[in-house]
Amino acid sequence: MNDVDLAPTNEILSKYPADARHLVSVLQDIQLAYRYLPRQALEKVAETLGVPLAKVFGVATFYKAFTLTPRGKRVLRVCTGTACHIRGAPLLLTELQKRLNIKPGETTEDLEFSLEVVNCVGACALAPVVVVNDTAHGNLTVSRVRRLLSTKEKASSSNQEEEN
Amino acid sequence: METVRYESAEGFARHVNDLRRSAFASQRRVLVCCGTGCLAGGAQQVAIEMDKQLSALPAAKRTELNLVMKKTGCHGFCEKGPLVVLMPEGTFYKGVKPKDVADIVHRTIANGEVLEHLLYVEPKTGERVARYGDIDFYAKQMRVAMRNIGHIDPASIDDYLLRGGYASMVKALTTMSPEDVLVEIEKAKLRGRGGGGFDAGRKWRSAKKAMGDRRYVICNGDEGDPGAFMDRSIMEGDPHGVIEGMIIGAYAVGSHDGFIYVRQEYPLAVEHLRKAIDDARGRGLLGKNILGTGFDFDIEIARGGGAFVCGESSALMRSVEGKVGEPRAKYVHATEKGLFDQPTVLNNVETWVNVPRIIEKGADWFTSLGTDRSKGTKAFALTGKVKNTGLVEVEMGTTLREIIWGPGGGMIDDGPKGKFKAVQTGGPSGGCVPESLLDLPCDFDSLTEVGSMMGSGGMIVMDHSTCMVDVARYFLSFLTDESCGKCVPCREGLLQMYGIVSRICEGQGKLEDLEQIESLSQTIVVGSLCALGKSGPNPVLSTLKYFRDEYLAHIQDKRCPAGVCKALITYKVNHDACDGCGACLRSCVSQAISGTIRKGETFQIDEMKCDRCGACATVCKRAAIAAA
Amino acid sequence: MAFHMTINGRRVDANAGETVLATARRHGIPIPTLCHHEAVEPFGSCRLCMVEVTKAAWKGWKGLMTACLYPSAPDLIIETDSPRVRQVRKTVLDLLLARCPDADVIRKLASEYGVEQTSFVPREHPDKCILCGLCVRVCETAATAAISTVQRGHHREVGTPWGGPPPDCIGCLACAHVCPTGHIQYSEAGGVRKIWEREFKLVRCKETGKTLPITEEQAAFLAKRQGMDPSYFTMSEEAQRTRTATTLGKIARWDKLGLVQEEVKS
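Protein sequence lines correspond, in order, to chains A, B and C. Going left to right, the first sequence walks through residues 1 to 164 as our numbering numbers them. Going left to right, the second sequence walks through residues 165 to 792 as our numbering numbers them. Going left to right, the third sequence walks through residues 793 to 1058 as our numbering numbers them.
In short, the hints are calculated from the structure, not lab data. You may find that some hints are simply not true.
[Stated by the list, open to error] Capping the alpha-carbon separation at 20 Å, the derived lysine to any residue pairs in SDA-like fashion look like this:
no.	chain 1	residue 1	chain 2	residue 2
1	C	K998	C	G955
2	C	K1002	C	G974
3	B	K304	B	E253
4	C	K847	B	R169
5	C	K847	C	P875
6	B	K501	C	E833
7	A	K44	C	G955
8	B	K581	A	D19
9	B	K551	B	T289
10	B	K487	A	L13
11	B	K487	A	D19
Excised from the complex, chain A in its bound form (with noise of 0.2 Å):
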């Protein structure tokens, strides 16, 4: 198990007083950090919150904002919410999970993609969408979802021109 740099995890802290009660935005600090909770870092945070570890941990496995191993630079998330459900979203999902070889809560090995679904975004006039990091994506078919994989850093917004 490799050593985890605490540096990022310690500046976290450093911006919160010492209370249990931002657990919950500490650790969304550190899944932003590290694109995971490590555990070393949660050690830290137990001892300096003051939370006992196995709480620390059971916060931790709650929410699905966190996960406990690495996600991938581009995180796909699929939009399972009625509109997009009724609109064709488990197509889309099937065809991500064929192509990208692996299934919901995984990250491919290169650690390059996550996929996930996600319970409905808001963006439901647009169904299906599939979020990108942190960037929707709607009107969406199994063949322009495939874009959505291009290893072109810049594929979000210039495939958003190409389609409107």
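Position chains B and C relative to chain A; hints supplied.
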């Protein structure tokens, strides 16, 4: 933006007056919608291009035009986005692409010429409509909670001030006592907009009377119902509206600490709220000694962790406390022991944003709108198989039919499967309403009486291509995923129910299953700890009530009338129509299609390998593949 | 402050701050529970203790509430065994039987409500954990919060940090003792206790050589929490009695009071 700080009500009034007379206020505006929906459609590029084109105009022209571009929050017409609206004329352009911007700037803005191809076409008449106010979708709405969205730049507190922002707060804090404010809200009969419909005045009164050292006010921005995005738009597009409402409420109940809980999936809302809070603090509208009145109040943002159950008020409070979002029994109300065991008022985003309006125009104005027991207006997120999907705010009591065929523009598909079948209201706690009940008024009580509920405002229109058993299965899948798992009836009961309905969808249902669903539901409804469990059976029960024959078709005939449940449909090639082009073979991801690409040859689908994705039927130009 | 309520038609006295469950039990009226224990705060998760509650002012409306949490109040009318209540209990036990078909306590209770076999689909690879949460709550209250519930919904389970031996566990066995189904297993042999994949050395009394039923970590924990000398927890009962007797003996010698005080101090 100037850094001014208001030390008194007079200082505030003076500044707003100055603003009104300033050049800032007199500018014409180009509103580019940058809500999450339009951003997904490419609005960012449109905004960048618009800025570029406007800046490229010669200085003299720019002064003459006296124009400013505003990136606004969600207009609520997401499907037609990206949207650009020119004010004050109200010229409304839809589906704007970056390549259209040059024309908009040089032909419309500079020359007053309307670009026909960018205009919205009214589905009923087929006519193009140039002005925002003439479009049925907007004209048939009454926007109270959503009054500012789309008209202001949410990052500009001055925009908000120019629309009368914070005037109600000033009125409350400087000319009314906390009791006066509370009485006004009680008179207005404002009921919570998050789904519970509990009388807000009553809630505030209980919290005010309760014993405790500190009182908290919370804004529930966890909007978890799939298909609902009203609160997202309000938080993104009118963050000050929420803040102002909370300050007034805090004043009324004697609270000095507020929280806005925003679900994890709404990062833009968090960003806009943070900016708004910072700006309000900077101006002295939040923080210590607001406007020199001696009243202290500040707001902290708490982010959700991706858990639908945290929309339940007691679970939300645990989450703010840094714990897992497990609800607790509410025999002792949150107004007595809520957040950190202190008296707490928790209300929904839309509820809070109504408060300043009530203080401004009075309770009598509010009670003049709506029905006997449901006052005011309600924002709905209308989605699914309607022509105009988006956010619709109408007076309480407007019927489902009026909403769907009014602003909604009617059903989207003219074919035989496009006929109206049902409208799902209230999210996973609600139910499906059939055609026979379309004339029901939308209010807190009418929909509940028929087995659904208005809920937070999600309204999903379904046609005959939707399978109602699949809808029930979908909601059960959602709920079993989101259940916190604390109590047996919800955790084990909904899981078993999901199993039963799934088996029905897979052609393994038995008649006894329907009885079991009904009896199990009874226990789940009365035995669950919280509303997620208690209302969990609603989608199954309501679809069973109004679409029982569809369940029977699945069970007895092993048939899915809507053609959705994969195990019950088979794709077949019609050999007479097939021309051997092979498009289907290329589209198949499961290698289930075989055949040689040549004219006269026909293709076969292997039922065992086929995963019923329907791609082949979609690509076939001869309509030779259909589901049976 | 006392007042009166009616339980199953019987007028009983109740106290402010009591729950309906406590009041009922005090009067010998049985209400089944699974997730309740005197050592911890009530949780309300098993739903077995649901009772029908009404008041004259409620005009016939009856609510189903968990007795373990519902506060006793003046003029409440409670039914602990109505058909509606029995139906809920029956279904809850039926569901628990599907979850834990081998848990004897569930089998027995379910049988009392007429459920011999579950009418639902049994869990694949079932264990005996009914997720009552008692182990977690007791560990939090009486020990070190070394275990917790992890994940949520039907994936919820009682677990340890990263699924491994919990670092904070002191081997006190409180969790095993409160577990209603015997799901939590432990073993003891040769002065070593094993639980949650951890091994603990049991304390040996230095004076008598006897093995005590507490672990070294437990002794240290108790000493710290009670602010007492650790030696108190690492002596066998025999050795303790001897020490106490010696001390008392010294105190009893009145004529040597001054000396005694010195000796006792030492």
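Q.
So, against the hints stated earlier in the document, which numbers end up violated here?
A. 1, 2, 4, 8
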